[in-house]
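Hey, can you work out the whole structure from these sequences and the hints?
In order, the protein sequence lines correspond to chains U and Z. Here my numbering is used: position 47 in the first sequence is 47, and no number is missing along the way. Here my numbering is used: position 324 in the second sequence is 394, and no number is missing along the way.
Hints are not guaranteed to be accurate.
[What the hints assert, rightly or not] Straight-line alpha carbon distances no greater than 25 Å define the calculated DSS-like cross-link-like pairs of lysine-lysine that follow: (1) Lys39(U) to Lys464(Z); (2) Lys74(Z) to Lys405(Z); (3) Lys634(Z) to Lys3(U); (4) Lys396(Z) to Lys39(U); (5) Lys689(Z) to Lys74(Z); (6) Lys689(Z) to Lys39(U); (7) Lys415(Z) to Lys39(U); (8) Lys543(Z) to Lys74(Z); (9) Lys464(Z) to Lys697(Z); (10) Lys696(Z) to Lys396(Z).
None of these hints come from the bench; they were simulated from the model.
So the chains spell out like this:
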Amino acid sequence: MEKGIIALAAALAIGLTALATGMAQRAIGSAGVGAVAEKPELLGSIIILVAIPETMVILGFAVAAIILMG
Amino acid sequence: MIRKMARIEIIGLKKDLSQTIHHLHDLGIMQIEDIRSLSNVLIQPLNPTYEMVQKRERIELINARINGLVDLFKKYFAGSLKNLEDSSSLEEIGARVEQVTTTVQQFTQNRTNLEDDLVSLSKYQNMLTLMVPLLPESAQKPGNATIGALLHATQTHSMNLLINQLRSMTHAKLEVAIVKVNESTNALIGVLPREYVVAVEELLAKEKITQFVLPEEYSFLKPPEAQALIEKKIEEDHKELDILEDHLRELASTWGPYLHSWQIVCLNMLDEYEIYARIGETEYTFTVYGWLPLDELPKLKDSLHEKVGKDLVINQLEIPEELSQKIPVALDNPKGIQSFENLVKMRAVPAYSDIDPSRLMAVFMPIFFGMMVGDVAYGLILLLLSLFLSRKIKGGIFADLIQTIKIGSIWSIVFGFLFGEFMGTLGGKIGLKPILLDRTAPNSTMTLLYMTIGVGVVHILLGLILGIANAIKHKSKKHLFEKGGMFLGLIGLLIVVATLLKVVPSASKWAGYSLLGAGVILLGISYGKTGVILSPIEFIGLLGNILSYLRIAALGLASVFLAKVANDMVGMIGNAVAGILVAVLIHSLNIIMAAFSPTIQSLRLQYVEFFRRFYEGGKNEFCPFKKRVLTQTNG
Numbered sequence: 001m002e003k004g005i006i007a008l009a010a011a012l013a014i015g016l017t018a019l020a021t022g023m024a025q026r027a028i029g030s031a032g033v034g035a036v037a038e039k040p041e042l043l044g045s046i047i048i049l050v051a052i053p054e055t056m057v058i059l060g061f062a063v064a065a066i067i068l069m070g
Numbered sequence: 071m072i073r074k075m076a077r078i079e080i081i082g083l084k085k086d087l088s089q090t091i092h093h094l095h096d097l098g099i100m101q102i103e104d105i106r107s108l109s110n111v112l113i114q115p116l117n118p119t120y121e122m123v124q125k126r127e128r129i130e131l132i133n134a135r136i137n138g139l140v141d142l143f144k145k146y147f148a149g150s151l152k153n154l155e156d157s158s159s160l161e162e163i164g165a166r167v168e169q170v171t172t173t174v175q176q177f178t179q180n181r182t183n184l185e186d187d188l189v190s191l192s193k194y195q196n197m198l199t200l201m202v203p204l205l206p207e208s209a210q211k212p213g214n215a216t217i218g219a220l221l222h223a224t225q226t227h228s229m230n231l232l233i234n235q236l237r238s239m240t241h242a243k244l245e246v247a248i249v250k251v252n253e254s255t256n257a258l259i260g261v262l263p264r265e266y267v268v269a270v271e272e273l274l275a276k277e278k279i280t281q282f283v284l285p286e287e288y289s290f291l292k293p294p295e296a297q298a299l300i301e302k303k304i305e306e307d308h309k310e311l312d313i314l315e316d317h318l319r320e321l322a323s324t325w326g327p328y329l330h331s332w333q334i335v336c337l338n339m340l341d342e343y344e345i346y347a348r349i350g351e352t353e354y355t356f357t358v359y360g361w362l363p364l365d366e367l368p369k370l371k372d373s374l375h376e377k378v379g380k381d382l383v384i385n386q387l388e389i390p391e392e393l394s395q396k397i398p399v400a401l402d403n404p405k406g407i408q409s410f411e412n413l414v415k416m417r418a419v420p421a422y423s424d425i426d427p428s429r430l431m432a433v434f435m436p437i438f439f440g441m442m443v444g445d446v447a448y449g450l451i452l453l454l455l456s457l458f459l460s461r462k463i464k465g466g467i468f469a470d471l472i473q474t475i476k477i478g479s480i481w482s483i484v485f486g487f488l489f490g491e492f493m494g495t496l497g498g499k500i501g502l503k504p505i506l507l508d509r510t511a512p513n514s515t516m517t518l519l520y521m522t523i524g525v526g527v528v529h530i531l532l533g534l535i536l537g538i539a540n541a542i543k544h545k546s547k548k549h550l551f552e553k554g555g556m557f558l559g560l561i562g563l564l565i566v567v568a569t570l571l572k573v574v575p576s577a578s579k580w581a582g583y584s585l586l587g588a589g590v591i592l593l594g595i596s597y598g599k600t601g602v603i604l605s606p607i608e609f610i611g612l613l614g615n616i617l618s619y620l621r622i623a624a625l626g627l628a629s630v631f632l633a634k635v636a637n638d639m640v641g642m643i644g645n646a647v648a649g650i651l652v653a654v655l656i657h658s659l660n661i662i663m664a665a666f667s668p669t670i671q672s673l674r675l676q677y678v679e680f681f682r683r684f685y686e687g688g689k690n691e692f693c694p695f696k697k698r699v700l701t702q703t704n705g
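Have a look at this one:
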């Protein structure tokens with residue numbers, strides 16, 4: 001039972017942060033593609049903007065690892 | 071490496087202007103400043119002479135004609151484009167372009183006529199194909215004529231009235247057939263003695279009914295004969311069109327390479343005229359201001375004095391304070407680094423006062439890529455793939471990314487040996503032992519996480535050291551406090567963690583706390599009044615940046631476990647062949663993902679985590695005034 005709850009907690013930690021990252025990237029990505037179509041020189045800046053929310057899922061991964069390795 | 075730049079002025083007599091500009095264009099080492107944008111220059115911009123304007127218009131006209139021909143020939147021309155050593159003068163080019171244009175215009179006019187003819191003939195043919203099988207036999211009798219009238223499908227009542235009226239006019243000698251042409255139109259075909267034709271046609275005209283009338287050359291023929299002749303004409307028109315297309319193709323293959331060459335010649339001439347607008351003049355002299363790499367200055371002086379004459383004065387100028395932010399940046403890196411240089415430019419061209427991070431990126435980006443993939447077999451496959459693709463793709467962002475994957479794949483092989491991975495867990499089965507750690511072992515996961523955080527700490531500390539060096543170079547107290555504060559705070563935090571892990575004596579923790587506190591205070595000072603709030607937030611952000619390096623471990627684990635799943639599949643599926651097929655499929659997917667994800671993630675670690683510590687970026691890339699060359703190969 002305890003093992004199952006630990007696994008669920010880890011899954012929630014990474015799953016929810018992944019979902020949040022995806023939602024943020026969806027908005028930034030679609031706007032970014034539009035911007036790059038108009039100004040290709042913005043590609044570097046757009047990659048940065050798209051990549052910023054990924055920190056959430058990486059932190060989620062760290063928390064999940066800590067829960068599992070505990 | 072950012073090249074040291076020199077600002078120069080060239081002063082010469084007006085008679086030497088065109089030769090000077092032409093030679094500067096040939097040399098291609100100087101960026102010419104627009105005199106209109108310089109505030110402290112009192113010389114007026116050059117006013118082009120009537121001859122210059124006339125010649126420019128002539129070149130623009132020839133260029134427009136060439137563009138039109140190139141566009142037209144695009145679909146025919148399949149040869150590779152190369153710069154032909156063609157020394158034709160503008161007048162010769164103009165004459166030849168006019169000759170080709172005239173020939174092409176004739177061909178295209180003929181083609182348009184034929185195409186129009188075919189459109190109209192096809193319509194008649196379609197109608198006749200519908201009509202002929204339904205024609206009454208009496209249509210073949212001498213003395214009889216055939217008429218056709220087109221009515222809307224909804225006008226059934228009108229059609230019946232018309233038939234009755236026509237029958238009474240022809241004393242019941244009219245034979246009628248009705249054909250459905252399309253959803254909205256019906257055709258009424260009538261066969262009647264020739265003497266009633268005029269009266270019937272008058273009636274149709276009076277009632278505003280559209281008559282189906284064949285073109286003049288077919289109008290006196292019986293419908294089946296007209297149909298046969300139209301079919302023959304269509305066939306002939308198609309053959310003629312094919313011949314015309316062959317002529318155009320031949321013209322394209324003969325003149326295509328010349329046209330592309332002349333296009334470049336014209337554009338180069340126009341570039342020179344464009345540059346005239348940036349030059350200053352007095353009554354007898356001209357002045358050019360510009361930038362070039364300092365080490366190219368002797369070459370420029372020698373070359374201009376040799377080609378134009380010793381009268382030309384070339385001075386190196388002091389760079390005024392107001393232009394210090396506008397100095398164009400030219401980078402000079404070895405060939406292997408140039409791909410990384412382009413990736414740096416994709417973020418932002420370095421400012422003149424920046425440190426060029428291309429070489430650092432060339433070191434760290436492939437290592438991070440290798441750490442993420444960390445598999446001997448995947449590394450070998452990616453190396454072969456990138457070698458193959460780098461031959462196919464030349465230039466552009468994809469070529470640069472392939473170059474990074476190429477070097478990264480070598481690091482993947484190295485880390486593959488360190489992690490003992492060959493197609494994931496197959497390494498163990500073929501006797502490959504992990505030297506550093508086994509990523510699949512649960513007790514190694516935390517070690518892997520600590521290792522990647524360690525990599526992050528080192529990378530970010532290096533970025534902060536560069537940031538401090540930059541701040542000292544620019545005498546910027548604010549940046550020195552900001553970067554220095556972060557550096558001290560981070561070192562302090564590392565000491566505190568080390569004491570907690572009992573790596574260093576516990577007494578050191580006070581030194582750690584002191585450094586941490588001093589660092590945060592320094593950071594706060596750099597932000598001014600808002601520092602009390604911003605300083606802790608920024609420091610926590612810095613820690614977030616370090617934790618961001620965990621993605622190296624995360625992607626690596628995802629890759630190795632996917633490979634493990636692929637290998638386990640072989641045993642789990644009863645059929646060995648099916649198991650191997652599924653395994654190959656999953657490994658292929660993993661390799662494709664290994665090519666994309668680690669590239670993007672390692673690029674992000676450079677852009678977001680590393681560059682932010684020291685890199686400002688500018689927007690003045692050095693663009694020398696140089697000749698265009700034809701390099702692309704078009705289909």
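Outcome of the hint check:
Simply put, Lys39(U) and Lys464(Z) have alpha-carbon atoms about 23 Å apart, close enough for the 25 Å limit, and the pair holds. For the suggested pair Lys74(Z) and Lys405(Z), the alpha carbons sit about 19 Å apart, so the restraint of at most 25 Å is met. Pair hint Lys634(Z) plus Lys3(U) holds up; C-alpha atoms about 23 Å apart against a cutoff of 25 Å. Among the hinted pairs, Lys396(Z) with Lys39(U) is consistent with the structure: their alpha-carbon atoms are about 22 Å apart, no more than 25 Å.
Taking the CA atoms of Lys689(Z) and Lys74(Z), the gap is about 17 Å. The hint holds against a cut of 25 Å. A hinted pair counts as satisfied when its Cα atoms are at most 25 Å apart, and Lys689(Z) with Lys39(U) qualifies at roughly 14 Å. Distance check on the hinted pair: Lys415(Z) and Lys39(U) sit about 15 Å apart at the alpha-carbon level, within 25 Å; holds. Restraint check for Lys543(Z) and Lys74(Z): satisfied, since their Cα atoms lie roughly 15 Å apart, inside the 25 Å limit.
Pair hint Lys464(Z) plus Lys697(Z) holds up; C-alpha atoms about 21 Å apart against a cutoff of 25 Å. As the CA atoms of Lys696(Z) and Lys396(Z) are separated by approximately 20 Å, the hinted pair is consistent with the 25 Å bound.
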